[in-house]
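Chemist: Sequence:
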Amino acid sequence: MPEPIYNYRTPFLQPMIQAVSEGNREQAIEWSLNEIERPIRRLKRRYPEYTTPRDCKRLGVLYLEGRVPLPQVGAAVEDLYKEAGIIGQRDKYGRALAFSVGEGVSSLKKKSHVMKYVFYYLTALKIEGASDREIEREAKRMALSYPGGEKP
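Numbering (our numbering), first residue to last: 1 to 152.
Just so you know, the hints here were simulated from the structure itself, not pulled from any lab data.
Since we're looking at a predicted model, the values are computed, not measured.
Calculated pairs, DSBU-like style, for lysine-lysine (alpha carbon to alpha carbon, straight line, at most 30 Å):
hint	residue 1	residue 2
1	Lys111	Lys82
2	Lys44	Lys126
3	Lys126	Lys82
4	Lys140	Lys44
5	Lys44	Lys111
6	Lys109	Lys44
7	Lys82	Lys110
8	Lys111	Lys126
9	Lys126	Lys109
Please build the complete structure, drawing on both the sequences and the hints.
Modeler: So, in structure tokens, the structure goes:
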């Protein structure tokens with residue numbers, strides 16, 4: 001996977017990084033699975049026939065319900081990453097969106113993937129032309145919506 005533009009050293013992401021680090025794992029997973037709807041919708045607009053991101057999310061929800069094993073979810077995420085690499089040969093924005101979905105679903109395994117979701121999603125927005133101000137505003141929205149995150 002290519003490195004995202006944003007990471008653990010990004011100053012405006014520090015409050016959210018702290019909230020995720022200190023927060024509840026189950027709430028992090030729930031937030032992540034809800035939040036990945038944003039990149040899934042963007043991918044659907046760009047690639048109407050591309051169902052792997054939605055399938056990954058669906059499998060994640062089924063895993064939480066005890067209906068599929070975690071390795072099945074992991075295999076779907078691996079497929080998503082492979083497809084993201086193929087997409088990325090011609091569409092860096094689509095690749096970053098797909099990686100963000102994969103990282104969001106991977107939060108089922110490890111809470112740190114929540115922040116990797118954030119890093120790739122913001123990277124996708126930047127690739128698509130969002131200004132620094134827009135990126136910071138989106139980061140603030142995410143932090144405010146995160147359980148235990150920033151409060152006004």
